[in-house]
Amino acid sequence: MSFSLVLCWSVVRAIVVSSVALSVFVPLRNRLFQSRPTASLARWVSILAVAPLLMPDLLLGFTYRLASAGLDFSEVATELLYACLLLTKVLALQVICHWLVPASNVSKSAIHLWKMSVQTSFTSRLLLLRMILFGPNRSLVVGWILGILWCFQEFETAVLLQIEQHPIAWTVWLFDAKAANEPLINCVLFAVPAIIIQGLLIAAGVALLSGQKLQGDHQTKPDEYAPVSSVGNRSMSFGPHCFLLIVIAAGFLITVVWPIVLHGAAGINGLWKMGTTAVFQVGLDQISKSLAVAALSAVASWKLSRWLFTKPSYRPAVLAIVPGLLSPLVLSLLLLSLFLSPGFHLVYDSWIPLIVAQTLWLLPRAFLLNIVVERTIRSEQIHSAKLLSHSFDQQIRKQAKRLLWILEHRPAWLGVTVLVIMAFWEVTISSILHPVSLQPMVCRLYREMHFGHTEVLAGLTAMSVVFPMLALAIAAQIWKLVRS
Amino acid sequence: MKFRSLLIVLLTAGLVWYFTTPDQSDSNRLVIYCAHDATYAQPVLDDFTKQTGIEIDVRFDEESNKSLGLTNLLIAEKDQPRCDVFWNNQTLGTIRLQSEDVLQPYISLNAKRIPDIFRDDKGYWTGFAARLRVYIVNTDLIDATEQAVGEKLAQASLEDVAIAKPIFGTTLSHYSVLAAELGLDGLKQWHADLHQRGIREVRGNSMSKDLVVSGACEVGFTDTDDFYAAIDQAAPVAMVPIRTPKGSTICMPNSVAMIRNCRHPELARQFIDFLLSAEVEIQLANGGARQIPLGSVDNERLPPQLFELQRWAKEGAALQPAAAQNEDVLNWLRSEMIGQ
Numbered sequence: 001m002s003f004s005l006v007l008c009w010s011v012v013r014a015i016v017v018s019s020v021a022l023s024v025f026v027p028l029r030n031r032l033f034q035s036r037p038t039a040s041l042a043r044w045v046s047i048l049a050v051a052p053l054l055m056p057d058l059l060l061g062f063t064y065r066l067a068s069a070g071l072d073f074s075e076v077a078t079e080l081l082y083a084c085l086l087l088t089k090v091l092a093l094q095v096i097c098h099w100l101v102p103a104s105n106v107s108k109s110a111i112h113l114w115k116m117s118v119q120t121s122f123t124s125r126l127l128l129l130r131m132i133l134f135g136p137n138r139s140l141v142v143g144w145i146l147g148i149l150w151c152f153q154e155f156e157t158a159v160l161l162q163i164e165q166h167p168i169a170w171t172v173w174l175f176d177a178k179a180a181n182e183p184l185i186n187c188v189l190f191a192v193p194a195i196i197i198q199g200l201l202i203a204a205g206v207a208l209l210s211g212q213k214l215q216g217d218h219q220t221k222p223d224e225y226a227p228v229s230s231v232g233n234r235s236m237s238f239g240p241h242c243f244l245l246i247v248i249a250a251g252f253l254i255t256v257v258w259p260i261v262l263h264g265a266a267g268i269n270g271l272w273k274m275g276t277t278a279v280f281q282v283g284l285d286q287i288s289k290s291l292a293v294a295a296l297s298a299v300a301s302w303k304l305s306r307w308l309f310t311k312p313s314y315r316p317a318v319l320a321i322v323p324g325l326l327s328p329l330v331l332s333l334l335l336l337s338l339f340l341s342p343g344f345h346l347v348y349d350s351w352i353p354l355i356v357a358q359t360l361w362l363l364p365r366a367f368l369l370n371i372v373v374e375r376t377i378r379s380e381q382i383h384s385a386k387l388l389s390h391s392f393d394q395q396i397r398k399q400a401k402r403l404l405w406i407l408e409h410r411p412a413w414l415g416v417t418v419l420v421i422m423a424f425w426e427v428t429i430s431s432i433l434h435p436v437s438l439q440p441m442v443c444r445l446y447r448e449m450h451f452g453h454t455e456v457l458a459g460l461t462a463m464s465v466v467f468p469m470l471a472l473a474i475a476a477q478i479w480k481l482v483r484s
Numbered sequence: 485m486k487f488r489s490l491l492i493v494l495l496t497a498g499l500v501w502y503f504t505t506p507d508q509s510d511s512n513r514l515v516i517y518c519a520h521d522a523t524y525a526q527p528v529l530d531d532f533t534k535q536t537g538i539e540i541d542v543r544f545d546e547e548s549n550k551s552l553g554l555t556n557l558l559i560a561e562k563d564q565p566r567c568d569v570f571w572n573n574q575t576l577g578t579i580r581l582q583s584e585d586v587l588q589p590y591i592s593l594n595a596k597r598i599p600d601i602f603r604d605d606k607g608y609w610t611g612f613a614a615r616l617r618v619y620i621v622n623t624d625l626i627d628a629t630e631q632a633v634g635e636k637l638a639q640a641s642l643e644d645v646a647i648a649k650p651i652f653g654t655t656l657s658h659y660s661v662l663a664a665e666l667g668l669d670g671l672k673q674w675h676a677d678l679h680q681r682g683i684r685e686v687r688g689n690s691m692s693k694d695l696v697v698s699g700a701c702e703v704g705f706t707d708t709d710d711f712y713a714a715i716d717q718a719a720p721v722a723m724v725p726i727r728t729p730k731g732s733t734i735c736m737p738n739s740v741a742m743i744r745n746c747r748h749p750e751l752a753r754q755f756i757d758f759l760l761s762a763e764v765e766i767q768l769a770n771g772g773a774r775q776i777p778l779g780s781v782d783n784e785r786l787p788p789q790l791f792e793l794q795r796w797a798k799e800g801a802a803l804q805p806a807a808a809q810n811e812d813v814l815n816w817l818r819s820e821m822i823g824q
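Line by line, the protein sequences give chains E and H. Here the working numbering is used: the first sequence runs in plain steps of one and ends on residue 484. Here the working numbering is used: the second sequence runs in plain steps of one and ends on residue 824.
There's no promise every hint is true.
What the hints assert, rightly or not - Just a few of them, taken from the derived set where beta-carbon distance is under 8 angstroms, the chain E residues facing chain H:
hint: 1; residue: Ser2
hint: 2; residue: Leu66
hint: 3; residue: Asp176
hint: 4; residue: Ala179
hint: 5; residue: Asn181
hint: 6; residue: Glu182
hint: 7; residue: Leu336
hint: 8; residue: His345
hint: 9; residue: Val436
hint: 10; residue: Arg447
No lab work stands behind these hints: they were computed from the structure. Ideal placement from N, C-alpha and C gives every residue a C-beta, glycine not left out.
Extracted from the complex, chain E is given alone in its bound form (with noise of 0.2 angstroms):
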């Protein structure tokens, strides 16, 4: 199959499979997430919808592997599967944007004057068009570009999944062609019009949430002004509602529970019997230090990012951005010639080429959270509250530093805690540039998935999914605390 269609194939997966998750949770918003009465419920249902994102791609492709290789050779069924997993993931997009994304000034009641004043030249039609799209509903225009990346550059369930090329993906194509000794420029050339494509919907992205920044956001979420949501409340039938969290449901038990279920007593096990071996010092070595890493090249990509941000000119952030977007496996073969060259040798055996992969494979991604939280930060109540954390009173002052940590550090927390999530549980960049020293633990787990040693894996598994966590959540204590 040549690259053309592979690529045709990825984009138009990308698109259905974003879609889908929309048009699932457009009804989802308007019937729950906006009415009051069921603000608990929401609440919940968020849960429920964005835990399937925290669940890496790796331990999902394992997890279905031999459920893909049962599908008694369907490919149609294979591509369903993967779409499927697939969905549970830009479905928590979704809903991470309906969080992030701050509102528009311009509200539905706007767009319905806009429609009745009768205005049919193309200008006018144009500029409705611009106004639904950036106004209400630019959380889930953002959400919707943010599913498509996703959709586009997965690489990892896909190659596990995979049986008689299906699913087919541009990411495992160029992974075998390597693999078939395809030269490295080759590689780098078909992946460019993968590039665009990125190239694209990242603009878009962008062009959708810049723009002057709103006095009073957070209050004027576009949705207070809808009738949808009143509407919606007093209409509310069981029906559609019950299908909505079943999709949810059905979601989460995929992703989340069925890999718990299948791997969670063999990990308890592995654990139990790890315990006191030198595989679990040498597993709680590797983690530790493939946090550290990923720590490191998370700080990098989002300080280099904020900077990027800060410019006038956007030639200096695409120039970043664009090797982020080349895949995992070119970026690293480019930077393995580059640390082999004569100049860079010094350095080849140590960190320094994982560290510098994984903070240029980040940098788009960073690029993008930093966007988000940038527009979320209300500067108005940041002010008040910094001014408040220099009141006499110890009582306001503690509150008031409490409040600086939620609106100010924790949204930035939140975004480096991803990008490190992201950069520890990244395959193909840490096998091919770690240094001989030391194997990251996301490579042993590889191995191990390989041949399917279910206790040690499963309990390797459950190291590497509690540790960081926990290093994570005490990070943030201390950062709070120092912040305080």
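We have chain E already, so just place chain H on it with the hints.
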């Protein structure tokens, strides 16, 4: 600002810690690139350290970096190698390294145990502990005889037969052995015939094995190590050796080679001597992969099921002609894939 300073101090301290860890600077550490499965290779490496006190840094080959592979990495690093010894789980890639001038000869005293067919006469590489290409058969679905498998493979539909993608690993070696016997055109015809009849192409031998174990396929092309993984899971499977048109089996020994201009030549020689010992072959034969000893060993210390494998291994096709075909086979597969 205080926090920012603290963060910078912590990050710098972290970096310093990484780049000054003893592993990085210790000159008495042997560096090994190992393509053999880590689960089976690590105990051997640990034994070497226990016996000699020589610490080892090892880089394993993984599924995740198949796109690069240790062979290609060694070629890329040729001018300034960081690896001392390459323990390959096959032979063809090692022969390629010899032609790329990456290896340096060393004839270990223990190499004399190994039959000539499995080692280079100049000492660039030596084979040991082999695997065989086999058909794994689900015994609930089909008889585990050469005749039954032959009949199965002669049927019009091969939709319940699985084979791994030939661009990787031992399936590529299998293709190269066939190319040496049939010629590249003969191989192309054989490959096209299998695919026209709907054979299931999966990503690796372990997946081929899994399909047979689950009953989704009746027969799969795989290696003895994957077959024994299925046996250890108590799966209803048996194996039949894969034979070339000329009747040879496909025996793929591990191979060990010393890297030209490596940093620890003396330690490398010690390790090669150790790896080619009868003791290590027995250890690998008793491991999960049940690798077949090629040299003379005390048969009483071998699992009984290996005796038949030893007999099949002796019927193995010569590997040098296959190595000569390897590059052409890969080029053809690449052009097939890319559609050029």
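Double-check E/Glu182 for me: the hint is only fine if its C-beta lies closer than 8 angstroms to a C-beta in chain H. holds (6 angstroms)
Go through the hint on E/Ser2 and say holds or violated, using the shortest Cβ distance to chain H against 8 angstroms. holds (4 angstroms)
Against chain H, run the beta carbon of E/Ala179 and see if the smallest gap drops under 8 angstroms. Holds. Min distance 5 angstroms.
Under 8 angstroms is the threshold here; is the Cβ of E/Leu66 close enough to any Cβ of chain H for the hint to stand? Constraint on E/Leu66 satisfied, holds at 6 angstroms.
Under 8 angstroms is the threshold here; is the Cβ of E/Leu336 close enough to any Cβ of chain H for the hint to stand? holds (7 angstroms)
For the hint on E/Asn181, does the least C-beta distance to chain H fall short of 8 angstroms? holds (6 angstroms)
Closest C-beta approach of E/Val436 to chain H relative to 8 angstroms, hint status: holds (5 angstroms)
At a threshold of 8 angstroms, is the proposed contact between E/Asp176 and chain H supported by beta-carbon distances? Holds - the Cβ of E/Asp176 comes within 8 angstroms of chain H, reaching about 6 angstroms at its closest.
Answer holds if the nearest beta-carbon of chain H is closer than 8 angstroms to that of E/Arg447; otherwise answer violated. Since the shortest Cβ distance to chain H is 5 angstroms, the answer is holds.
With a cut-off of 8 angstroms on the beta carbons, see whether E/His345 makes it to chain H. Cβ of E/His345 sits 6 angstroms from chain H, so the hint holds.
Checked against the numbered hints given earlier, the structure satisfies every one of them.
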